[in-house]
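The hints should help you fit chains X and C onto chain L, whose structure is shown.
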Amino acid sequence: MTGGGNRDTTKLLMERSVPGRVGAVLPQPDVPAQPLPDPSLLRTELDLPEISEPEVVQYFTALSQRNFSIDTHFYPLGSCTMKYNPKINDEVSFLPGLAGIHPLQPLESAQGALELLYRLQGFLAEITGLPGVGLSTLAGAHGELAGMLMLRAYHQARGDTNRRQVLIPDSAHGTNPASAAMAGFDVVTVASDDQGNVDLKALHDLVGPNLAGVMITLPSTLGLFDTGIVEVCQTVHQAGGLVYGDGANMNALLGRVKLGALGFDVVHLNLHKTFSTPHGGGGPGAGPVCVAGSLIPHLPAPVVTKSSGDGAPVYGLAAPERTIGKLSGFHGNFGVLVRAFTYILTLGGEGLRAISGNAVLNANYLMDALKDTYYLPYDRRCMHEVVFSADWQKARGASGLEIVKRLLDYGFHAPTLYFPLIVHEALMIEPTESETRETLDAFIRALRDIDREVTEDLELVRGAPHTTPVSRLDEATAARQPDLRWRAAV
Amino acid sequence: MSPGDRKYSKEHEWVKMEDATQALAGITVYAQDQLGDIVYVDLPKTGATIRFMEKMGEVESVKAVSDLFSPITGEVTEINDRLLDHPELVNEDPLGEGWMVRVTVADTAELDQLMSAEEYEAFISGLS
Amino acid sequence: MTVSSRATDSSSDPQFQFPYIPNTPDEQAAMLATLGVASIDELFQDIPDEFRNPTLALPQPMSELEVQKELAGLSSRNRALGSGPSFLGAGSYNHFIPAIVKALMTRGEFLTAYTPYQAEASQGTLQVIYEFQTLISNLYGMEVANAGMYDGATSLAEGVLMACRVTRRSRMAVADTLCPYYRQVIVAYCQAQGLELHSVSPGQSLSLDQETACLVVQYPNFYGYIEDLAALTKAAHAQGALIVVSADPMAMGMFQPPGHYGADIVTGEGQPLGIPPSYGGPYVGLFSTKQEYIRQMPSRLSGRTVDSQGRTGYVLTLQTREQHIRRERATSNICTNEALYALASTIYLAALGKQGLRSVAELCYQKAHYAAARIAQLPGYTLPIQGTFFQEFVVQCPVSPSSINSRLLEQNILGGLDLSEAFSNAHPSEGGTTGGSTSPPSGHFTNAMLLCVTEMNSRQEIDALVEALSEFGQ
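Chains as they are written, first to last, in the working numbering: chain L, 1 to 490; chain X, 1 to 128; chain C, 1 to 474.
There's no promise every hint is true.
Below, computed lysine to any residue pairings styled on SDA-like, alpha-carbon distance capped at 20 Å [claimed, not checked]:
hint	chain 1	residue 1	chain 2	residue 2
1	X	K55	C	R165
2	C	K290	C	Q256
3	X	K63	C	I325
4	X	K63	C	S308
5	C	K102	L	V22
6	X	K63	C	E328
7	C	K290	X	Y40
8	L	K11	C	A57
9	L	K87	C	S63
10	L	K11	C	D307
11	X	K63	C	F51
12	L	K258	C	D41
13	L	K87	C	L65
14	C	K102	L	P96
15	L	K87	C	G108
16	X	K63	L	P482
17	L	K258	C	A57
18	C	K290	L	W486
19	L	K87	C	I325
20	X	K63	L	S471
21	X	K63	L	T477
Rather than coming from a laboratory, the hints here were simulated on the basis of the structure.
Just chain L, same shape as in the assembly (with noise of 0.2 Å):
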């Protein structure tokens, strides 16, 4: 509660409007008053609302109390990697050197700029084992549909135009079937088995002459490092197609093994996952490409180059000779870049490895902790986040959804639930290396103590959440009857 007034958020920005308030002033023209043009060409009405600065300060803060987030509330959703978003990250991109400055300015004037990026490419590089960087996609499946052009013209370019087919995981995520169909390709289903790894004898009958390519997350969204990874990339390789991997998961194999290695031709990694940058309550994000020798001609426009002449070096943009084209505006996510730069700087070589182990430690903690009270579908070593069924709950009347929004009450964020879509009323958790294991603990007791209640008081857990300013949403009218914006009443 908040006292109502102002702070109440009930009313939006249109019924808090008074006729003359004004929330910002703009000095008087200081040059002579032009020629206006044809009024016909001018609009008369401009429904944008009239409110005091303080009133803007007022209900946006009011808002954001509405919100659970990583400063305020573990978030162990799987495959997202909600991990602390450090505050010089944001700091050091609001230096005017790197806030105010215009992409289009002569290049020797951002110089400072470049080199950043110059750098982040040589970061990215070593850190996957791929020696070709794009920086200008701007969140992963942006870097998808860059991966998947960059294996179209890849093909095309060797003559090779029957390549019509992508293999896909049945446990991929829905961006990686999306971004091959925008990219022209038909996606065919290949299965995993029984460990969670890719089906190699499925994936041997499903490879031909038509295959452009597989995309594999790894480790997989089971949260499982596949064992037989080097085994696909062998198959497709020997069936002329390449393999592209969504590196979303990355946090799990930071400094442990490089993707180029084990044969991955291109991969996107989410600087917004594993590179900490915040999510902002959906973006923005970055998903630049990192690629293998043979693609680094097609990698999309443009790219950071450096050339040292005799002197000082001297960082430009350029676009690689077959490049698939321009998939931004401009040069990607800067500022997001400038995060994750910061973070690489920060952590170094060893940080990201201590990433990858505690991360690693503190999921297989919590698998450990949980798997008698959760059932446990693929009981296996997992690697930075965990799969669990909520089967042995529902079969006592309370479905993941229940469960998860039951876990809103005890002050902890839903894991992710129902995906990957192969495992039945799942919910996969990933706690990130920097939480702490009190944290981790507390969890615990929460799920378990959700669990005793499914037993002694069902009906709390079917009818959760009771804490959060809104309980469960009628989400059939919403769809049925779309209310997308705020009219006023005739």
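For chains X and C alone, coordinates are given in the frame of chain L:
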């Protein structure tokens, strides 16, 4: 109990002959139950030809999309416009108010390939 | 500075204690003991031996003190827009940002929140998105807007793809007055879709036909001038094609929005609304359309509804359009977008409001016209384009714009965009079936510069620019 005045497909659609050539089609009680709250129905246009066991449209619930497969071949003469604003009719009365298309049937012999009410009941009780 | 981290064996995992990683060696040992595992390295045994623990040639860790210095050094080697008069626009703009934007958007509850899939835990984010959808719809005069896309260029490309889906046609007519890099992004997005792009000149016969899915125009156009949207919309609709307009939101503070003319899809770049230029990103793409097309819209939508107790709440809706449900049949592959910057724009629009946005737009207009009038009087300089412009205009210079800009930079003035570079930088792969002409429209001008003047440019700065330009005339 599924009514005996119509035939049923393995994809959980029903088709009911209204006279010698016109039929109504829709989805079954079992189907709408499986789908949950239906939020949108994407139907073929009037004048379109739909074909036996081929995709003719889609049904959406909040979190899923399912294909609709035609239980008969023919030309669509009318679609149930009310479903555009009231998709919940499919949940409430899938066999009546929630009908989806009216079709001029090309070949009534196709009905022999569909299940009777008893056969359909046995079929769905065999599903887990 | 780069030192190889040793490829460690199981007994020598790093002992350096990191501020972001709480587990101490003792805590690690205790946790490993509960697992019955000897070392952290043992947890990675699924990785084949020959690939495990590679050498990582990265620098040693740095303290925050050292990191601050390093980044300050890199920052100082860039010329910031605020350090002197700046007249560069062309898709990224130097506009005033009120202090409350940063203060509010850096609140941890907004900054470190996830995508609002768990609605009960995300009402702040979801209500902000609903506000954003409302205000962008109003700004563009359209019925509905989405939660944002990556940037103006990709938003336009997605608008084109949507127009092709809606009309089930595969040709697009793209105005040659569209920003060249926006055009490149459309080409890149469409390269595997079997779509055909051809160029048209607004103001001339457009040669649209019944195969045309959409006419694509920019408003104001790349050169800063207002296109005749009434005529263009009519021409598109006469062929059953949609008109897709990329509109500058700041210009919407003054000019009739595209919705007024009946536009079908309106996209844009949200950067002018409270977002710093930051070398090209992050920005936020704006996307709006008509109610009848909502199921074909890409990206997220926040919808208003009620909870089990009748309280108003917000939830992601119409999710069946998106990749996590429809997978390869989704309207787009987009997942993460730019929510934090949609928030920034919403705060900006709330603070500036009806009066403020109008004031900013009028200041830009007034100052740009003052500058243009003074420059037009300089010997050797002309304004080659007739028509109404907003805050940008083309100047034909007596010598090459790059030589002028070098000289300006010596005086710490950032000049306008050299238009010959803007077009010659079009990459070589634009061509073939989805390409088209990369040269400027017919009647293009030699030694042309695109100048931008905003509310950030004082009269003194404009006069200094004119003074500096006069050095080159005869």
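- Unmet hints by their number, sorted upward, for this structure: 8, 11 and 19
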